[in-house]
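Got chain A; can you put chain B on it based on the hints?
Protein sequences, first through last, are from chains A and B. Position one of the first sequence corresponds to residue 1 (the numbering used here), numbered consecutively onward. Position one of the second sequence corresponds to residue 1 (the numbering used here), numbered consecutively onward.
Hints in this document: simulated from the structure, not taken from any laboratory. Be a bit skeptical, because a hint or two may be false.
As the list makes no split between identical chains, a pair holds if one copy fits it or if it spans any two.
Said to hold, decoys possible - The list that follows gives simulated cross-link-like pairs (lysine to aspartate or glutamate, EDC-like), each with its CA atoms no further than 20 Å apart:
| hint | residue 1 | residue 2 |
| --- | --- | --- |
| 1 | LYS72 | GLU239 |
| 2 | LYS276 | GLU309 |
| 3 | LYS308 | ASP27 |
| 4 | LYS276 | ASP27 |
Number of protein chains: 2
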Amino acid sequence: MDIAEELLQGNRLALSRAITAIENEYDEATEIMKKLYPHTGHAFVLGITGPPGAGKSTLTDRLARAYREQGKTVGIVAVDPTSPFTGGAILGDRIRMNGLTLDEGVFIRSMGTRGSLGGLSHKTADAVKAMDAFGKDVIFVETVGVGQSEVDIVKAADTTMVVLIPGMGDDIQAIKAGILEIGDLFCINKADHDGADKLVRELNMMLDLDSNMSDWRPPIQKVIASQGEGIEELIGYIEKHYAYIQGNGLLAERRTKRIRDEMLDILSSNIGRYIKGKIVDSGRLDGYVESIRKHETDPYTVVGDIMKEMLK
Amino acid sequence: MDIAEELLQGNRLALSRAITAIENEYDEATEIMKKLYPHTGHAFVLGITGPPGAGKSTLTDRLARAYREQGKTVGIVAVDPTSPFTGGAILGDRIRMNGLTLDEGVFIRSMGTRGSLGGLSHKTADAVKAMDAFGKDVIFVETVGVGQSEVDIVKAADTTMVVLIPGMGDDIQAIKAGILEIGDLFCINKADHDGADKLVRELNMMLDLDSNMSDWRPPIQKVIASQGEGIEELIGYIEKHYAYIQGNGLLAERRTKRIRDEMLDILSSNIGRYIKGKIVDSGRLDGYVESIRKHETDPYTVVGDIMKEMLK
Chain A
1 MDIAEELLQG
11 NRLALSRAIT
21 AIENEYDEAT
31 EIMKKLYPHT
41 GHAFVLGITG
51 PPGAGKSTLT
61 DRLARAYREQ
71 GKTVGIVAVD
81 PTSPFTGGAI
91 LGDRIRMNGL
101 TLDEGVFIRS
111 MGTRGSLGGL
121 SHKTADAVKA
131 MDAFGKDVIF
141 VETVGVGQSE
151 VDIVKAADTT
161 MVVLIPGMGD
171 DIQAIKAGIL
181 EIGDLFCINK
191 ADHDGADKLV
201 RELNMMLDLD
211 SNMSDWRPPI
221 QKVIASQGEG
231 IEELIGYIEK
241 HYAYIQGNGL
251 LAERRTKRIR
261 DEMLDILSSN
271 IGRYIKGKIV
281 DSGRLDGYVE
291 SIRKHETDPY
301 TVVGDIMKEM
311 LK
Chain B
1 MDIAEELLQG
11 NRLALSRAIT
21 AIENEYDEAT
31 EIMKKLYPHT
41 GHAFVLGITG
51 PPGAGKSTLT
61 DRLARAYREQ
71 GKTVGIVAVD
81 PTSPFTGGAI
91 LGDRIRMNGL
101 TLDEGVFIRS
111 MGTRGSLGGL
121 SHKTADAVKA
131 MDAFGKDVIF
141 VETVGVGQSE
151 VDIVKAADTT
161 MVVLIPGMGD
171 DIQAIKAGIL
181 EIGDLFCINK
191 ADHDGADKLV
201 RELNMMLDLD
211 SNMSDWRPPI
221 QKVIASQGEG
231 IEELIGYIEK
241 HYAYIQGNGL
251 LAERRTKRIR
261 DEMLDILSSN
271 IGRYIKGKIV
281 DSGRLDGYVE
291 SIRKHETDPY
301 TVVGDIMKEM
311 LK
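This is chain A alone, in the form it adopts within the complex (with noise of 0.2 Å):
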């Protein structure tokens, strides 16, 4: 049996391999995805996005837990975009899940960059189909950080939750502009630290002021993740907005956007992947950039060339 076909007999390290072939960009992961992709499309993805510090982790295994004793089986992809260059410097964050990698009910993968530029969104899009077709009920795909590389990987999910916490200095406001539209629902953790109900009352402020809302006004729970506090609240939202999205065709239209996003990224970094290699093969490259350097050239020109030459 190959990779593909073990993971659907629910083999873990099956699993754990196909994610790695994702994370490398295997030559077989491709073959792997194509086995795996008409098993996929049953599992409930929750993006769970909100800046360092927020407690993301402690929130995560929280809901993990109670997924868990709902008889559900957990996925968690968690993505670390603020370590392009080490890997797995989120490992430290993992630790604190030590008590459900015991658990077989649940799966936890760590991704980082690993030194490859972008690629992050749909590696983590891949994984997570991975862990759908394992058969995983609920995935949750956290991440480090609310910029553009975090809202491209949180598309990956049906529900995206935005996890802040009181007191985050000055660039509250350029933060809260960007998640005011990816967020489904606020969670606003550590709430027992000052400037909790400050930040519901900001929160609430610009919910009013948004003119492109829909009629699923984003609710906003307050929770301590450390002790459990509001967790129940919050899970009874998540799932409230799930069967909103069921119940008006939104889940369908996000799927359906979400295949079509994915292709196009699919395609752009495939064929970026191989038209890099083939000049770098040919050994052209270090030519055009001494050329670039003496300014006998520019970027642009040897750009369009290069297209002439590589495109039908």
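Frame of chain A; chain B shown alone:
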């Protein structure tokens, strides 16, 4: 005269228009950049990055004033990858720099991703080149956050400064792992807050453990940007680093590497855009998406077919 010629003659409005063309991917942007390219390579580019709330705007403001006092002209590209949808969320921050905007020797420009995914790093690099061709002596690239997109963005810089503040919570460990490898110098802002010395000690410990370190050990400077404290010392370190990379050939090496990365970046992005455009124009995208949604095929197979069709 066209925009590029006017820009080269010192017309600020032309510079502003050129950056708008770059930001919105107008067709003329490539033509403008081709004309500006031969006039680039003179400015010193300083990257400034750090997590939300670190006070980067205030610090950039102080640094800009200090360089102005030395008689140098200054360009500031303020990139906000946390604002993928709305654009311009950083405007609130820029208001703090109001005093500077009245100074003809300073040109400030905010950039967001304005809805288009990716491409921000090479747009930022092009905006820097436009300011460089315009004749700015020093160009700051300031970006909120420490994620992958920020790392890509500060690659446009000769020297990169990472700004941190005391008391950043749990995720500081994850952040530090990522920044350690991009920081040529570290600035601890709000150094009068609790925990500043602890942060300096932690950073020093991480630097001690860094086995890849060259003979440049990134200095750590405590500042209180709001009061101007430590700014002079910080500039001392910035200039020391610049002299260091000029002296040992590292600057030339970094710039050559940057040309290589930028060329490949422009190549990927242009080819991706070209092919997406072709598929969308041919009206076939919806058909592909529908077949994938019905599980008749999968995105990997579709992408393979498209590549066979379009590439020579």
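Tested hints:
no. : hint             : verdict
1   : LYS72 to GLU239  : within (13 Å within a copy, 58 Å between copies)
2   : LYS276 to GLU309 : both (13 Å within a copy, 18 Å between copies)
3   : LYS308 to ASP27  : between (27 Å within a copy, 17 Å between copies)
4   : LYS276 to ASP27  : within (16 Å within a copy, 24 Å between copies)
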